[in-house]
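S.K.: Below, each chain spelled out in residue letters.
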Amino acid sequence: MNLLRDAWVYLNDPYNWTRDRGILELLGEHLRISASAVLVALVVALPVGMLLGHTGRGGGFTVALSNVSRAVPTLALLTVFAVTPIGFGPTATTIALAVFAVPPILTNTYVGFRSVDRDVVEASRAMGMTGRQVVLRAELPLATPLVMTGIRTATVQVVATAALAALVAGGGLGGIITLAFAQQDYGVVLAGAFLVALLAVLSEAALALLARLVTPGRRFAFPAFGMRTASGAPPSAAARPR
Amino acid sequence: MLNAATAEVRAADAAPNPWFDVSYVTSNWESIVGYLGEHVRLTVAAVLLGALIALPLALLARRSRWLAGPVLGLSTVIYTIPSLAMFAFVAPFTGLTATTVLIGLVLYSLVILVRNFLTGLQSVPADVREAARGMGYGSGRLLWQVELPLALPAFMAGLRVATVSTVALTTVGVIVGHGGLGQLIIGGFNANFYRAEIVTGAVGCVLLALLADLLLAGAERLLTPWAERVRA
Chain S
1 MNLLRDAWVY LNDPYNWTRD RGILELLGEH LRISASAVLV ALVVALPVGM LLGHTGRGGG
61 FTVALSNVSR AVPTLALLTV FAVTPIGFGP TATTIALAVF AVPPILTNTY VGFRSVDRDV
121 VEASRAMGMT GRQVVLRAEL PLATPLVMTG IRTATVQVVA TAALAALVAG GGLGGIITLA
181 FAQQDYGVVL AGAFLVALLA VLSEAALALL ARLVTPGRRF AFPAFGMRTA SGAPPSAAAR
241 PR
Chain Y
1 MLNAATAEVR AADAAPNPWF DVSYVTSNWE SIVGYLGEHV RLTVAAVLLG ALIALPLALL
61 ARRSRWLAGP VLGLSTVIYT IPSLAMFAFV APFTGLTATT VLIGLVLYSL VILVRNFLTG
121 LQSVPADVRE AARGMGYGSG RLLWQVELPL ALPAFMAGLR VATVSTVALT TVGVIVGHGG
181 LGQLIIGGFN ANFYRAEIVT GAVGCVLLAL LADLLLAGAE RLLTPWAERV RA
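Top to bottom, those sequences are chains S and Y.
Take the first sequence: its position 209, counted from the start at 1, is 209 in full-length UniProt numbering, and no numbers get skipped.
Take the second sequence: its position 148, counted from the start at 1, is 148 in full-length UniProt numbering, and no numbers get skipped.
Don't take each hint at face value.
[Claimed, not checked] Label pairs and their computed distance ranges (CB to CB): (1) S:212 <-> Y:93: 44 to 52 Å; (2) S:44 <-> Y:77: 26 to 34 Å; (3) Y:65 <-> S:205: 23 to 31 Å; (4) Y:77 <-> S:17: 44 to 52 Å.
[What the hints assert, rightly or not] To list a few chain Y residues with every Cβ distance to chain S over 10 Å, as calculated: (5) 24; (6) 52; (7) 53; (8) 57; (9) 125; (10) 131; (11) 149; (12) 152; (13) 165; (14) 167; (15) 213.
Keep in mind that the hints were calculated from the coordinates and are not lab data.
Every residue, glycine too, gets a C-beta built ideally from N, C-alpha and C.
Using the sequences and the hints given, assemble the complete structure.
M.R.: Next up, the structure:
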């Protein structure tokens with residue numbers, strides 16, 4: 001129980017929170033990196049997913065992308081970007097995390113658009129809607145639950161994997177864990193693990209709440225991993241290791 | 001700090017630092033194979049142990065609705081915990097050993113497998129079960145000869161995702177010095193950003209994951225000769 005007491009002592013000391021490279025500064029950096037990575041991924045993946053889903057092309061591409069991305073360790077890409085001329089640090093971390101945030105958003109947006117009832121699309125065309133209106137007023141609202149699932153999956157994954165950036169000097173809350181391991185201070189290792197895990201769980205809860213607010217009356221089921229839907233579409237919640 | 005970082009990277013770039021180097025691979029072949037072996041051992045052990053624990057859990061969860069909720073809820077929470085935090089939770093108790101990595105990996109594969117096993121078991125049509133009972137099948141034979149074969153596609157999908165995920169997650173084991181090929185990735189980073197070593201580790205991981213997926217896909221084909229082959 002010594003370890004738990006050490007962890008508590010560490011967490012209960014205000015100086016550990018407010019000092020230079022303390023918990024608050026690392027948390028802020030963690031959240032900044034995560035938010036910019038998700039934003040970059042949104043800007044790239046959302047329009048592409050909407051376009052592919054609207055036209056019905058590129059289904060095989062999105063399946064292949066989400067499958068292959070699962071095989072690439074986050075740590076590998078974090079390290080590879082850190083040894084490009086970008087150099088290690090928050091920028092390389094943000095780019096690597098954004099790359100991993102693209103597949104869930106792209107796949108879910110694509111599947112969401114494809115699963116919109118074709119009759120609805122036909123009807124909106126017949127009512128004289130232009131292509132843009134069909135996308136924004138008919139398909140997007142109906143696809144919102146899956147699009148939000150994609151954004152939620154991507155965001156939680158980014159917040160969780162941002163912890164790994166500390167292994168390659170990329171910043172964020174994981175730094176508490178790597179530093180404590182280097183100093184063999186296992187009480188602080190536990191405290192850091194607790195903080196990183198808590199942040200991930202909280203972000204999951206926050207995004208679930210956001211998804212519920214955006215799509216009222218929808219319930220999210222527990223999807224099985226890697227199962228194809230009847231139409232041969234990729235799994236909606238593209239699960240990848242964190 | 002940032003300037004120092006850029007300057008350091010430029011210094012590293014000044015010396016030849018290729019992305020891939022055959023001579024690195026040949027001269028370090030033995031240590032690469034050693035790390036690869038650890039990676040494969042950890043992955044196989046984690047997925048096998050995960051499956052051994054997941055099957056009874058899925059059977060229990062199917063038997064009662066009260067158990068299904070907590071089992072799925074707990075599995076979601078475990079899956080949300082980042083791998084670095086998971087290893088950091090376990091390490092103070094099991095130390096800097098491969099056991100630490102194995103425990104974390106088993107938990108993740110368990111979570112994936114329990115959900116897919118449950119989905120598979122629930123997808124067995126009730127009338128098939130009724131028919132088997134009517135023909136005099138006991139619960140053991142019913143499970144082994146009727147339910148498991150019918151649930152096999154969901155099982156195999158779970159095994160494939162769990163295996164590919166475990167191969168990728170094993171790299172995070174570097175935090176306790178047992179990350180398989182991840183040791184090469186971080187080793188290269190710490191050896192003055194030696195790209196050839198980093199890329200060898202990274203590409204090795206991806207190839208290992210794809211190979212494992214291919215093998216399991218082949219096994220699935222052999223095990224379910226009756227299944228329709230709609231798509232590759």
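S.K.: For every hint, state whether the structure bears it out.
M.R.: Here is what the structure says about each hint:
1. S:212 <-> Y:93: 44 to 52 Å: Since the Cβ atoms of residue 212 of chain S and residue 93 of chain Y sit about 37 Å apart, the hinted range of 44 to 52 Å is violated.
2. S:44 <-> Y:77: 26 to 34 Å: This hint holds: roughly 30 Å between Cβ atoms.
3. Y:65 <-> S:205: 23 to 31 Å: 24 Å Cβ-Cβ, so the 23 to 31 Å window holds.
4. Y:77 <-> S:17: 44 to 52 Å: For residue 17 of chain S against residue 77 of chain Y, whose Cβ atoms are near 25 Å apart, the range 44 to 52 Å is violated.
5. 24: holds, 14 Å
6. 52: Answer for residue 52 of chain Y: holds, closest chain S Cβ roughly 18 Å.
7. 53: holds, 16 Å
8. 57: Given a closest Cβ separation of 14 Å, the condition holds.
9. 125: Correct as stated: the minimum Cβ-Cβ distance to chain S is 15 Å, above 10 Å.
10. 131: Given that every Cβ of chain S is farther than 10 Å from that of residue 131 of chain Y, nearest at about 24 Å, it holds.
11. 149: holds, 17 Å
12. 152: The claim stands: residue 152 of chain Y keeps its Cβ more than 10 Å from every Cβ of chain S (closest is about 13 Å).
13. 165: violated, 4 Å
14. 167: violated, 7 Å
15. 213: violated, 7 Å
Checked against the numbered hints above, the structure violates hints 1, 4, 13, 14 and 15; every other hint is satisfied.
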